[in-house]
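> Once you've looked at the hints, dock chains B and Z against the given chain L.
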Amino acid sequence: MTGYLYYPGCSLKGSGAPYEKSLLAVFSALGQELKEIPDWNCCGATAYLSVDQDMAVAMAARNLAIAEKLDGQDVVAPCSGCYLSLAKAKATLAEYPDVRARVTAALGKASLPYEGRVAVRHPLEVLLTDVGPEVLKKRVTRPLKNLRVAPYYGCAILRPYPGVPSPQAPHSLEDLCRVVGATPVDYPNKARCCGGMLTAGVQSVGLRLVEILLCEAKAADVDAVVTTCPLCQYNLEVYQERICKAKGKDVRLPILYFTQLLGMAFGLDDHALGMDQLLRVPLVAPCAGVKA
Amino acid sequence: MNPPAEAPRIGVFVCDCGFNILGVVDVPAVVKFAAALPGVVHAEEYKYMCSDPGQDLIKKAVQEHGLNRVVVASCSPTLHERTFRRVVSEAGINPFLFNMVNIREGVSWVTEDKVQATEKAESLIDAGVRRVTLQEPLEARSEPVNPNVLVIGGGIAGMHASLSLANANRGAKVHLVERQPSIGGNMARFDKTFPTLDCASCILTPKMTEVKIHPNIRLHSYSEVVSVDGYVGNFDVTIEHKPRYINEDLCIGCLKCIEACVFKDARFPNEFDLGLAKRKPIYIPFPQAVPTKVLIDPHDCLYLRLGTCKKTCIDACEKDAIDLEQKPDRVSLKVGTIVVATGFKPFDARRKPQYGYGVLPNVYTALEMERFLSPTGPTEGVPLLQDGRKPETVGIIHCVGSRDKNTNEYCSKVCCMYSLKLAHLIKERTGAEVYNFYIDMRTPGKGYEEFYERLLSEGLKVIRGRVAEVTKAALTRAEKDHLIIRAEDTLAGFVRRIPVDMVVLAVGLEPQSDTQELRRMLNLSCGHEGFLQELHPKLAPVSTATDGIFIAGACQGPKDIPETVAQAGAAASEALSLIHRGVVEIQPYTAVVNEELCSGCKVCIGMCPYDAIGYDEEKRVVHVTEVKCKGCGVCAAACPTGAMDQQHFRKELVMAEIAGVI
Amino acid sequence: MQVVRTVKYEEELDAGFTNQVASEPGGDAIWNCLQCGTCSAICPVSIYMDKTPRRIIGLIRGGFRDEVLGSLSIWICTSCYACTVECPQQIRITDIMYIAKRMAMKESQYQRFVVPAVEEAFVKMVRKNGRLTESRMGIKVVRKSGLRSGVAMFPIAWRLMRKHRMSLLHVERMQDPASLRAVLDALEPRHAPTAPAAAPSRAAGA
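Sequence order for the protein chains is L, B and Z. Per the numbering used here: the first sequence = residues 1 to 292. Per the numbering used here: the second sequence = residues 1 to 662. Per the numbering used here: the third sequence = residues 1 to 206.
Check each hint, because a few of them may be wrong.
Only part of the chain B face toward chain Z is listed, based on derived beta-carbon distances under 7 angstroms [claimed, not checked]:
#: 1; residue: D404
#: 2; residue: K405
#: 3; residue: I439
#: 4; residue: G465
#: 5; residue: R466
#: 6; residue: A468
#: 7; residue: R486
#: 8; residue: E488
#: 9; residue: T490
#: 10; residue: V495
#: 11; residue: P499
Pulled from the structure, derived: some chain L residues nowhere near chain B, Cβ distances all over 10 angstroms [unchecked claim]:
#: 12; residue: I37
#: 13; residue: E95
#: 14; residue: N146
Non-contacting residues of chain B with respect to chain L, defined by C-beta distances greater than 10 angstroms in every case (computed) [said to hold, decoys possible]:
#: 15; residue: L124
#: 16; residue: D297
#: 17; residue: R650
Rather than coming from a laboratory, the hints here were simulated on the basis of the structure. All values reported here derive from a predicted model rather than from experimental measurement. Built from N, CA and C at the ideal position, the CB exists for glycine as well.
Bound-form chain L, shown alone (with noise of 0.2 angstroms):
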C-alpha cells in the first residue's frame, strides 16, 4: 500500500488548474503517487451545510467510503476547503452517533460501508512529514535566493481540524520556503480569512478582506504570496486590479501555490506548473532562480 488516494475537488478541475497542474508535478517528481478517486463528488463545501447537515456530511463521506472501497491509503485534498469538509465530515460522524446512524444508512444503500479508517491531508503537511525537508532540499535544483515571500495559509486548514500545526501559530509555509531557499517575510494575518465565498455573495465585505491581505503583503516588499487553497489563490488574484482603481492603491503582486514554489524549485518546467496560466507571474522569469 503506497502512495496516495487523490481528491481534486472542483475548483482545481477549474480556476485552481495550475494548483492541479503543479501538485501532479511535484508529486510525480519525487516519485510519490496520486491515484484520483474514482468518479469523486464535490465535497458540500460551505454551501451543503447551510442546507442540511446530514447530505452535508454524506457528501463528503462519500468520497472517503470509496476510498476505504480501495486501499484505504491516506486521502490528500489540496484544496483547503474541501480538506475541511471531509475532515469535518469525519469528525462529525464520529462525534455524533445518530449523524453516523443515519448517514452510513444512506452510503450503505448505495453499497459504500463507511468506517472511518482514512486518514484525510493536506498535501504541505504531506510533503513536509512523510517527504520531509531533508528529501526536499536534496531535490532543489535551483534555490530561490533573494525571493521573498509572503506565507499565506488561510483558514481552512488551521481550523478547527489543523492539518498542519498549528492554528495560532502556523510554521509549516514558512518551512517549505526555507527549504526552497526563499525568505517568507513575518505575515501577522496569515491565518486570517481571504473572504472566502463572500467575494461573491457580499463583495464589499470580501474585497475588504483581500485588500487588507494584499496590503500588508505589499508593504512587506515581497515578490509573491503563496499560498495553499484554490479559493485563497483566486481571491487574492482576480480582484486586483479592480481594487487597485477602486482604492488607488498598487496592490498588484503574483499570487502562487505552495507546488508552484516548490516546482520551480525543483527546476521544473513553467508550463507544467501552470505558471503560463496565472494572472501574474514573479517578475523574474523563476527558473533563473535569483532575482534581476
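Structure of chains B and Z alone, referenced to chain L:
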C-alpha cells in the same frame, strides 16, 4: 487466624445522607436486602447517620439487639470512619469490628441510574458484611509526636507558618526549606500590594529578617527536600543543600567578590528579575535577600564551566568563604509534622500566541511588570518601552490562561485585583492612559470593591471584553507602530481596535511544575487542575489525606496574600495542635507471621522497605518488628507460602469482600 | 424620527429555541457562554454584521428566535472558524451559525439576500451534476446580485478564460451523478421545527 469467638450479630446502618444517597439509591430496598444477609440481625436507615441522633441510634441498636459487629453504609471512610469507630467503641464493641461501606462517592455521586445504583450499593454492603464477619478485634497503639516541623517553601506562606510555629514551639526546631537562594517568594518581587497599596518590601523584609534570626528556625535556603518517609508524628526527611560555592557560615554578604569577578559587566539573566536585568556569575539575587549570602551559578562561572579562571573572587574575599569545590550535601532530619507551602507558577504566556508574548516587543507578563514597577527592578520603578520612552498607552489583558477551557478553566482569583493595582501604578509612574480588558471584574474582599471604585474614579479605561489578539498589523495611521488590541467592547456593542504602546498580560496562577513529584513524595492528592488537594474544602481546608501534613497558600489553589497568610496560620495551628497532644494513634495494620507456614526463605526481608522483618536463626522463621512496620503489605504479597499476612487485611477478609462484590 | 419600544415580553420569545439549537451537532456547548466577546473580536467580518457573534449567542440563549434567524450576521459569516478555535468555552460558534442558517433556510419568512440564494443554487447544481462548474455558478451569482456586478465580473471572467481557467462550454460533472443522488435521496431532509404559532415574526408589543 482464629474463628470468631462468638457467633456474629451484625447491625447494618444505611445512611440517606439527605438526598445525597437517597436521591439515587433506593435505601429502603437496600435495608431490606441487608437485613436478610447471613449474620445480620438488625438493619436500619437514617437521614444523617453521622449526626448525634444517628450515632445514638447505632449505640441504642447495639444494646437492644446485642450486636457484636457493625457495618455503616454511607460516605467515604476518609470522612467518617474515625467517627463511627468511636461510636462503636463507645457502645462497647472493639472498633476494628466495624466496617464502613462507601455508597456515596462510590455509588450515588457517580451514577444517575437508580436501579444500577441500588444494585451496586447492595453488593458493596454484601461485601462489607462478609468482611466484617471475619474481622478480628485489634488494639491501636500510640506513639509520641516529634515536636520538630518541616516547612516546605519560603514564600510568604512558608515564612508566616514557620514564625507562628517557632514562636509557640519552644525548644523544637522549625526546618524551613526554600529551593531558591533567598526566601521571600513571589511577594518579594512586588512593589506594592492591593488594595491598601502598602509597600510589599516594607511588610515583607521584617518577616524575612525575623525568620533569619529566629533561634527556633533553621533555614535551609537553596535546598530541596529529596525524600520523606514515615508517618504522622515521626517523619524522616532528607534535605539536599545545593552548592552555592560559598561557605554560608563564613560569608558576611560584603559583596566584594561580585565586584572582583573577572566578568566586568553583568551579562547573565537575573532569575529574580525574570531575565529583565542582568547579573554576574557570582551574585546575590536581590539586595534584601535572606540569607544575605552570595552564590555562584556553575553554568556561568568560568572556573566551574571550563576549569580555568583567575579566580579574582577568591582573592577579594577576606573571609575565605568561597569554595569552588563545594558539593551538594544532604542532611537527615526527624520531624513530626510537615507544612507544604510551595506556592504557584505563573501561566506561561507563550501558550497564548495570539497575545504575542515573546514575539512582539513591549508585551510583558504581570510579574515582569511588577519588576518594572519595583524601585530595585530593571527600570527603577518606571516602566519603559524597549526604545527607552515612557509608554503613553498601556493595555492590561485579564484572564490570560484563566477561565479558558483551552488552558486553565478556573478563575485565578487574584488577577483582577492585581491588574487594577498595576493600572494604578503604571498611571502613577508614567502618566499613561491605561485600558483594562476584562470578562468579569472580580473584586470580592475587604476593601477590594472600594479599590475598584477608586480606580474608576481615577479615570481608568475599562473595557468589558476578552481580547482576541494583539497584532502589529495596522489599518489606520494612528495604529501605525503600535500594538493593536482587538476586543469587543461588549457593553458598548462594538468591536474595537485599540492601539497601545505596551501590553501587560495578567497571567493566571498554575500549580508548580513539579507538584506531581511532590505529591508522590508526600503521598498527597491533587485536584483535577493540579493543585494540592485539601482533606475537605470547607471543614479541613489546610489538612490533607495524609495525617500530619498540612498545606498553605497558593499550592492549594490561587489565592492572594491575606488568604495565604490566614491559611499559613491555620496550618501552623493544626500542626501545633498535634504537637501539643503529644501522641498519635497508629493503626494496628501491621504484618504478622504464621510461624507454622513460614519456610524461612527470607524473601520478605529483602522486600521490606522499612527494615521491619528479622530472621530467627533458632526457629528458622521470620519475625516482624511491629513499631517499624508501616503496614504496606509488600511482604504479605511476596510470601510464597502464605505465612505472612497483614492485620485487618488478611487474605480471608479480602477474599470474602471480593466474593461479596462478584 | 420614529421612536420604537424595544421591551421584549416573554410570550414573544421562543423558550424552546435554545434547546433546538443546542440539540443539533455543534450546538452542545451554547449554555457555557460567558459573553466575553472573543468570537466577535477575532471574527474578520463581525464589523459588518448587524449583530456580533457574541450577541447572536446571547440572543439564542434568550430565545430570540426572530432576531437570530432574521439577522444578516448568520449570512455574513465566512465560516473561517476563528471564533470556534478561540472561544475559551469551546463553543463551536461556526457550527451554531450553520445551525441558524439551516433553520432560516427552511422558514421563508426570514429575510433573504444573495448569500442564501446562492447557496441554494449551489446545492441544486451539485445534486444534478455531482460537481460544481465555477463558470455556471458565477453566472448564477451574477444573476442573483444584479447587472452591475455582472459588468464588473466580465473582465475577470475574460482573463480567466484566456488562461484556460474558466470555460463557458465545459461542465464539470461526475460520470454517474445518479450514484450520488442515490445517497442523498436515502436521507430524509431534516426540517427544523417551525416557529411556534404563538410567536409571530414581528410580534406587536402590548
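> Would you mind marking each hint as holding or not holding in the structure?
Okay, the hints, checked on the actual structure:
{"no.": "1", "hint": "D404", "in the structure": "holds, 4 angstroms"}
{"no.": "2", "hint": "K405", "in the structure": "holds, 5 angstroms"}
{"no.": "3", "hint": "I439", "in the structure": "holds, 4 angstroms"}
{"no.": "4", "hint": "G465", "in the structure": "holds, 4 angstroms"}
{"no.": "5", "hint": "R466", "in the structure": "holds, 4 angstroms"}
{"no.": "6", "hint": "A468", "in the structure": "holds, 3 angstroms"}
{"no.": "7", "hint": "R486", "in the structure": "holds, 5 angstroms"}
{"no.": "8", "hint": "E488", "in the structure": "holds, 3 angstroms"}
{"no.": "9", "hint": "T490", "in the structure": "holds, 4 angstroms"}
{"no.": "10", "hint": "V495", "in the structure": "holds, 5 angstroms"}
{"no.": "11", "hint": "P499", "in the structure": "violated, 15 angstroms"}
{"no.": "12", "hint": "I37", "in the structure": "holds, 35 angstroms"}
{"no.": "13", "hint": "E95", "in the structure": "holds, 17 angstroms"}
{"no.": "14", "hint": "N146", "in the structure": "holds, 25 angstroms"}
{"no.": "15", "hint": "L124", "in the structure": "holds, 32 angstroms"}
{"no.": "16", "hint": "D297", "in the structure": "holds, 32 angstroms"}
{"no.": "17", "hint": "R650", "in the structure": "holds, 47 angstroms"}
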